[in-house]
Every structure is written in structure tokens, then in C-alpha cells.
Amino acid sequence: MNIVFAVVLGMLGLAGALTLVRLLLGPDTLDRIAALDAFVVLLVATTAVYVAFYEDGSNIPLLAAVALLGFVGSVAAMRLAERRERHR
Amino acid sequence: MTEMGSDDHRRTGRRGVHAVRARLPAVVWLTLVWVLLWGTFTLLSIVGGVLVAVLVSALFRMPPLPDRLPVRPLPLLGLVAFLLYDLVASGVEVSWQILRHGPRAQGTIVAVPLLSGSDRVVTVMANALSLSPGAMVLQIDHEREIWYIYALGPRDRDGAERARLRAMDMQRRVLAALGRPEELAEAHRRIAGAGARR
Amino acid sequence: MTPVPDTALDVASAVLLLLGALSCLLGAIGMVRLPDLLARLQAATKPQTLGLLLVLAGTALRVELESAVTLALVALFQVITAPVISQLAGRSAYRSGGVRRDLLVVDELAKELPPD
Numbered sequence: 001m002n003i004v005f006a007v008v009l010g011m012l013g014l015a016g017a018l019t020l021v022r023l024l025l026g027p028d029t030l031d032r033i034a035a036l037d038a039f040v041v042l043l044v045a046t047t048a049v050y051v052a053f054y055e056d057g058s059n060i061p062l063l064a065a066v067a068l069l070g071f072v073g074s075v076a077a078m079r080l081a082e083r084r085e086r087h088r
Numbered sequence: 001m002t003e004m005g006s007d008d009h010r011r012t013g014r015r016g017v018h019a020v021r022a023r024l025p026a027v028v029w030l031t032l033v034w035v036l037l038w039g040t041f042t043l044l045s046i047v048g049g050v051l052v053a054v055l056v057s058a059l060f061r062m063p064p065l066p067d068r069l070p071v072r073p074l075p076l077l078g079l080v081a082f083l084l085y086d087l088v089a090s091g092v093e094v095s096w097q098i099l100r101h102g103p104r105a106q107g108t109i110v111a112v113p114l115l116s117g118s119d120r121v122v123t124v125m126a127n128a129l130s131l132s133p134g135a136m137v138l139q140i141d142h143e144r145e146i147w148y149i150y151a152l153g154p155r156d157r158d159g160a161e162r163a164r165l166r167a168m169d170m171q172r173r174v175l176a177a178l179g180r181p182e183e184l185a186e187a188h189r190r191i192a193g194a195g196a197r198r
Numbered sequence: 001m002t003p004v005p006d007t008a009l010d011v012a013s014a015v016l017l018l019l020g021a022l023s024c025l026l027g028a029i030g031m032v033r034l035p036d037l038l039a040r041l042q043a044a045t046k047p048q049t050l051g052l053l054l055v056l057a058g059t060a061l062r063v064e065l066e067s068a069v070t071l072a073l074v075a076l077f078q079v080i081t082a083p084v085i086s087q088l089a090g091r092s093a094y095r096s097g098g099v100r101r102d103l104l105v106v107d108e109l110a111k112e113l114p115p116d
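Protein chains in written order, with my numbering: chain H, 1 to 88; chain C, 1 to 198; chain X, 1 to 116.
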């Protein structure tokens with residue numbers, strides 16, 4: 001089982017790194033926001049893997065909070081980007 | 001005068017009952033989320049959930065909904081099952097496009113007739129369409145009753161037509177669960193017509 | 001407590017976690033490889049959502065029931081919110097030029113919103 005967790009965390013880490021590449025490359029503001037949103041999803045997934053590893057559910061409310069905040073943040077950022085686009 | 005006054009009073013009373021009934025689904029839904037969040041099905045968590053839900057729905061009033069939707073439980077269950085299947089198919093298909101075509105992946109934007117006039121049904125449809133393989137809603141033209149839908153994957157006109165039919169079919173499924181009967185009949189007619197033209 | 005032997009649960013959980021992480025990774029590869037914003041939004045939502053759901057399912061098998069219920073709630077949030085994100089972004093993406101028109105087989109929106 002330890003090998004499984006190592007592989008899973010490795011894949012999620014690589015995925016996070018690739019998402020950060022898109023975050024840095026852009027080119028569009030929307031690209032960066034989408035990348036950030038995907039990164040938050042990966043963060044939630046990684047936290048879930050830690051919960052699975054320690055078989056301890058006490059961090060799960062944290063997971064729910066991060067997922068919700070990520071959504072609210074992305075929506076707010078997108079609306080802002082949209083408004084700025086219109087003013088240009 | 002007094003008659004009018006009592007009539008007025010009765011009307012506000014009825015409106016009050018109506019307002020409570022209109023808020024009931026929100027209260028039930030918020031309570032459910034609260035209880036799930038605590039993860040314990042105790043009396044305390046349920047009562048607390050109801051209190052919080054009533055408070056939240058009283059503080060943040062939603063505009064009243066104009067229409068009542070006919071909810072058909074069995075097709076609704078079918079819709080949920082289909083969406084779950086679609087979610088898996090979606091992940092697999094987009095992954096396949098990424099691996100197979102990568103930087104040369106193509107897409108299409110098609111105009112699809114909007115098959116419902118109810119804002120709530122359209123909202124459910126938009127979310128359902130955005131879960132289906134490679135697709136998402138770009139724009140809704142309410143006046144001309146047209147969706148503009150993007151789909152990742154199609155590489156020729158036939159593929160674009162398939163994406164269009166798939167969007168029609170998803171709308172039919174949502175209407176079967178939540179739509180008015182005449183809208184559902186209209187959807188059946190137009191899908192049959194689109195199939196015959198091919 | 002459970003009639004299912006622990007090893008069977010372990011195997012099921014491991015398979016779900018591996019498939020979920022793989023799906024997330026494929027989505028991330030898509031974020032880098034795909035040619036335009038609309039396509040990348042698909043990669044950011046579809047395989048990511050599927051991946052997260054699989055990981056959550058794999059995790060749910062390894063914690064007590066009460067925690068698993070909250071995990072189901074997280075999964076529900078994700079399924080409801082992912083389409084909202086892609087729609088919000090898609091709406092402005094077309095107008096802000098995040099679309100490679102040469103990669104579209106058919107573009108029936110071009111008539112309505114001519115490129116600037």
C-alpha cells in the first residue's frame with residue numbers, strides 16, 4: 001500500500017507542477033485563473049490522499065472548506081477579469 | 001374600507017404561507033448540507049441545521065420563482081445516473097483527445113435550438129451540457145432561442161452534427177425529468193426531425 | 001465491522017486512488033499541451049473532476065462512515081461547481097480572443113460575434 005501512495009502522490013505532484021507551468025505561461029488572464037482553479041482541485045485531491053493514508057477523517061471538513069473557497073475565489077476572479085476586459 | 005382591509009390582510013397572510021412554502025426546498029437542502037458537513041445524524045445537528053437554514057434563507061431572500069416545475073422522480077433518477085455515466089465518459093474522452101491529438105486537437109462551435117423557456121430548466125440544462133463529453137455552453141441567445149455550444153473533439157462536419165444531436169438529446173433528458181409536457185413533446189418532435197434529416 | 005475483508009477494501013481503494021491520480025495527471029498534461037483556452041478549459045474541468053471523484057471514493061473506503069458522508073458532499077460540490085467555472089470562462093473566452101478559430105471545424109457563433 002505504501003508504494004501505491006507514493007505513486008499516487010507522485011502523479012498528483014507532477015500534475016500540480018504542470019498546472020503551475022500553465023499558470024506561469026498564461027497567456028490569457030483566464031488561462032491563469034483556470035490553471036489556479038485546477039490547482040486547487042489538485043490540492044483537495046492531495047489532501048484527500050493524506051486522509052486516506054492516515055485513515056483519519058478529522059481533516060475532511062478542511063477539505064470541504066478549501067473546495068468551496070476555491071470555487072468562490074475562481075468565480076470572483078473571473079468576474080473581475082471579465083469586467084476589466086469590457087473596460088479596455 | 002374595512003372589507004378591503006381584511007381582504008388585504010388575508011392576501012398578505014396567504015402570501016406569507018406561500019413565501020414559507022417557496023422557501024421550503026432551500027431550507028431542506030441547506031439542512032441536508034449542514035448535517036452532511038457535520039457528518040453526524042444526531043438530533044442536535046439536525047435541529048441546528050434547520051435553525052441555520054431558516055436564518056440563512058430569511059437573511060438572503062431569493063427572488064420568488066415564477067413557475068412550478070413538474071418533477072418526475074423516475075426520469076430524474078435516470079438523468080442523475082446518465083450524468084454520472086457522462087462524467088466518466090467525459091473524463092475518458094477528453095483524456096483521449098489530449099493523448100491522441102494534443103496540440104493539434106480540434107473543436108467546433110454549433111448552434112443548438114433551446115428547447116425550454118423556463119430559466120430554471122435552462123440552468124439545469126446548461127450544467128448538464130457542461131458535464132457531457134468535451135462540451136460546454138458558450139452563449140445563450142434567449143430571443144432567438146439558440147444555445148452556442150463548444151465541443152472538443154469533432155474533426156469534421158459529421159462530428160459537429162453528432163455534437164449537436166448529443167446536446168439535443170441531453171435537453172430531452174432534462175425535459176423528461178423537469179420540463180412541461182408540451183416542451184417535452186416538442187423536443188421529441190425536433191429530435192426525430194433532426195435524425196430523419198441525417 | 002465490515003463483512004468485506006480488509007485486503008479487498010485496500011485493493012479497491014488503491015485502484016480508485018491510482019485511477020483518480022492518473023485522470024488528474026492527464027488533465028494537467030492537457031492544460032499544457034492543448035492549443036487554445038476553450039480546449040484547455042475542458043482539460044481543467046473534465047478529467048480533473050473525474051480524478052477528484054475517484055480519489056475521494058478511494059479515500060472514503062479507508063475512513064469511517066461519518067467522514068465518508070462529508071467526502072460525498074465535497075464530491076457533490078465539485079460536480080455542481082465545475083460546470084459553472086467552465087461556463088463563466090467560456091463566455092468571456094470567445095470574446096477575448098482565447099479561441100484559435102483555425103482549429104474549429106464549424107463555428108456558428110462567428111456570424112453573431114464577428115472577430116474584432
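Don't read these hints as lab results, they were simulated from the structure. Among the clues, some could well be false.
Restraint-style ranges between C-beta atoms, simulated for each label pair [as the list claims (entries may be wrong)]:
#1 R83(H) with L9(X): 45 to 55 angstroms
#2 T40(C) with V11(X): 46 to 56 angstroms
#3 G102(C) with E66(X): 40 to 50 angstroms
#4 V50(C) with L25(H): 41 to 51 angstroms
Partner residues aside, some chain X positions facing chain C, computed with beta carbon under 8 angstroms [said to hold, decoys possible]:
#5 T7
#6 L9
#7 Q42
Beta carbons are placed, not taken as given, at the ideal position from N, Cα and C, and that holds for glycine.
Evaluation of the provided hints:
no.: 1; hint: R83(H) with L9(X): 45 to 55 angstroms; verdict: holds (49 angstroms)
no.: 2; hint: T40(C) with V11(X): 46 to 56 angstroms; verdict: violated (30 angstroms)
no.: 3; hint: G102(C) with E66(X): 40 to 50 angstroms; verdict: holds (43 angstroms)
no.: 4; hint: V50(C) with L25(H): 41 to 51 angstroms; verdict: holds (49 angstroms)
no.: 5; hint: T7; verdict: violated (26 angstroms)
no.: 6; hint: L9; verdict: violated (20 angstroms)
no.: 7; hint: Q42; verdict: holds (5 angstroms)
Figure legend: structure checked against the earlier numbered hints; hints not met, in rising order: 2, 5 and 6.
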